[in-house]
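Chemist: Now for the letters of each chain:
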Amino acid sequence: MMRADLELIHRWVPEGAHILDLACGDGTLLAALARDKRVTGYGLEIDPEGITACLARGVSVIEQNLDEGLVNFEDDTYDLVIMTQALQALRRPDRMLDEMLRVADECIIAFPNFAYWRHRVHLGIRGYMPVSKSLPYAWYDTPNIHLSTFNDFEHLCRQKNLEIIDRAVGIGEQEGHWATRLWPNLFGEIAIFRVARRRR
Amino acid sequence: MPEFPDDSVGLVMPQMAHFDDPLPLACGRTLPVYDLVYETYGTLNATRSNAVLICHALSGHHHAAGYHSHDERKPGWWDAHIGPGKSIDTDRFFVISLNNLGGCHGSTGPTSDNPATGRLWGPDFPMVTVSDWVHSQARLADRLGIERFAAVIGGSLGGMQVLQWTLTYPERVANAVVIAATPKLSAQNIAFNEVARQAIRSDPDFHDGWYVEHGTAPRRGLKLARMVGHITYLSEDAMGSKFGRDLRSEDLSFGYDVEFQVESYLRYQGDTFSSAFDANTYLLMTKALDYFDPAAGHGGVLAEAVAPSQCPFLVVSFTSDWRFPPSRSRELANALIRAGKPVSYVNIDSPHGHDAFLLPEPRYQAVFSAFMSRAASELGLEEQA
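The listed protein sequences derive, respectively, from chains A and B. Counting in the numbering used here, the first sequence runs from 155 upward without gaps. Counting in the numbering used here, the second sequence runs from 64 upward without gaps.
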């Protein structure tokens, strides 16, 4: 059983695509995509245990720090770049978005929504930095240095003139109930965006 | 009689394969007849699909694992990684390790007889390249009835042979493991090799390479060459933590005898090596290193050179390796990525410099084992009884 966000992304990836999975973790998604959809490509990861797990699964994994960009990947050489749960930990998420859409036409990005109502309660009423299932760290040891909201991300895409092809929100990674809701910025804990360069 | 450890392949016996079919070499010359000495560990399965080839580095040889006798003090040079339950698991794989042509451990080389002259080959032994080695290794595979290797594996110069295998005989390699290697030497690498060669060639006992006939050997030159080489195998940190500025005795002697521990160590390494290794072989091996550059025939574009390869690669580097630093392994991994080939790249945190590839290290072993057991299960290799 895959994490619910990965389950949804799995559905969005086309058959036979050549893809990159940034911060691919233990390679679960890439292994499933290779098996079910004949997908090829590479996972990028820096966590030693994740890398070993990828190798055990037969996933091609490159030890690479995403903050150094994707310089070793050429323009327009992939169908799709996927990044789950890493955007908020990057030094420059905006530049990574440019990089992802340099090597591919399309990308799928999943990240925790900072404006999720429980987070708002933590910060707005109780006056503490939010700690939740999607943001499990304390303020002092969190790798998440660029938290954003559903609205923030849409705003960035508009600024960059990117096309949002699809979006979905979820309550908790583990729950399989996904739907586009009336107020996603309030009720969505995890946001998943499918973004493309506008065709000129 | 002392027992061998449980995870050792135990007592091993070198074997010899003689070849009568002449081997054309890259330099234009032909080796009319030759012998290759090799060892095997584990059991070849009925379908001959579990064979692994080990390619050795500059001063390596066929004795990669186990012991030649109960009195042998140290096991083979890669015993940390070859054996039952180890990264290259001899319960599943049949491992072949040979001494390359030009070597001085039993395969035909400068210390063998030249059938044309009746003298030793000496400096007349033809220059051999990484490609030549790969061709000769393929003939050994033919002899042993192995059509396709489950994996070809090597570190340093051995890693270059692995890369060459995937380009020359892509259909004969199911998996490639390239450790602490480089797709070509840098100017600095060649410079160090040249210092080593000059040390040997300028030794008065070198006699243009005919030292055996003069009843001598360029030991001082070979010792110097090894001392220089050894510095490049260790990292500054590793040397620092091993020796620091420790002195052999309490007071400075204000002379040129050994004073610092690091001097003593280097001299010892040089002496041991120069009494056991052939100088002409050392010269040949360093030239094979210098010449290796598969991208040269493709306008320097490595991504084009690697196009023939067909198998998954594992490329491993070590953080403190400054002989073939991580950037060189990344260069290879990136070329494979550009060519759309399946490749994994791992950079192991180690203080041991280039020598790290020989040593056991938990993350190195975990990564290596994970790749090899995935290879084994993909090939349907069961544990051998």
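Errors might be hidden in some of the hints.
In silico contact screen, one side only, chain B against chain A (beta carbon under 10 Å); selected entries [claimed, not checked]: (1) Arg260; (2) Arg264; (3) Tyr331; (4) Gln373; (5) Leu377; (6) Ala396; (7) Ser407; (8) Arg426; (9) Phe431; (10) Ala433; (11) Ser436; (12) Ala438; (13) Ser440; (14) Glu441; (15) Gly443.
Derived, one-sided and incomplete: chain A residues facing chain B with beta-carbon distance under 8 Å [said to hold, decoys possible]: (16) Pro202; (17) Ile205; (18) Gly212; (19) Val215; (20) Glu217; (21) Asn219; (22) Leu224; (23) Phe227; (24) Ile299.
Read the hints as simulated data drawn from the structure, not as lab findings. Remember, predicted model here, so these are calculated numbers, not experimental data. Note that the Cβ used here is the ideal one computed from N, Cα and C, for glycine as well.
Chemist: Hey, does the B:Ala433 contact hint survive, CB to chain A under 10 Å?
Modeler: holds (4 Å)
Chemist: Holds or violated: A:Glu217 as interface residue toward chain B, Cβ cutoff 8 Å?
Modeler: A:Glu217 check passes; min Cβ-Cβ to chain B is 5 Å, inside 8 Å.
Chemist: Using 8 Å as the Cβ threshold, decide whether A:Ile205 counts as touching chain B.
Modeler: Holds. Min distance 6 Å.
Chemist: Given B:Phe431 as an interface hint, is its Cβ closer than 10 Å to any Cβ of chain A?
Modeler: Cβ of B:Phe431 sits 9 Å from chain A, so the hint holds.
Chemist: Let me know if the C-beta of B:Arg426 comes in closer than 10 Å to any C-beta of chain A, holds or violated.
Modeler: For B:Arg426, the interface hint holds, since the closest Cβ of chain A sits about 6 Å away, which is under 10 Å.
Chemist: Is the shortest C-beta separation between B:Leu377 and chain A less than 10 Å?
Modeler: At about 7 Å, which falls below the 10 Å cut-off, the nearest Cβ of chain A leaves the hint on B:Leu377 intact, so it holds.
Chemist: A closest beta-carbon separation below 10 Å is what the hint needs, so does B:Arg264 meet it against chain A?
Modeler: Because about 41 Å separates B:Arg264 from the closest Cβ in chain A, which is outside the 10 Å limit, the hint is violated.
Chemist: Is the interface hint satisfied for B:Ser436? The criterion is a beta-carbon contact with chain A at less than 10 Å.
Modeler: holds (7 Å)
Chemist: With a cut-off of 10 Å on the beta carbons, see whether B:Arg260 makes it to chain A.
Modeler: violated (35 Å)
Chemist: Was the hint right that B:Tyr331 lines chain A, CB cutoff 10 Å?
Modeler: violated (36 Å)
Chemist: Hold the hint about A:Gly212 up to the distance rule: shortest CB distance to chain B must be less than 8 Å.
Modeler: Constraint on A:Gly212 satisfied, holds at 5 Å.
Chemist: May I ask you to test the interface hint for B:Gly443 with respect to chain A, counting a Cβ-Cβ separation under 10 Å as satisfied?
Modeler: violated (14 Å)
When the structure is compared with the earlier hints, violations turn up for hints 1, 2, 3, 4, 15, 21, 22, 24 and for no others.
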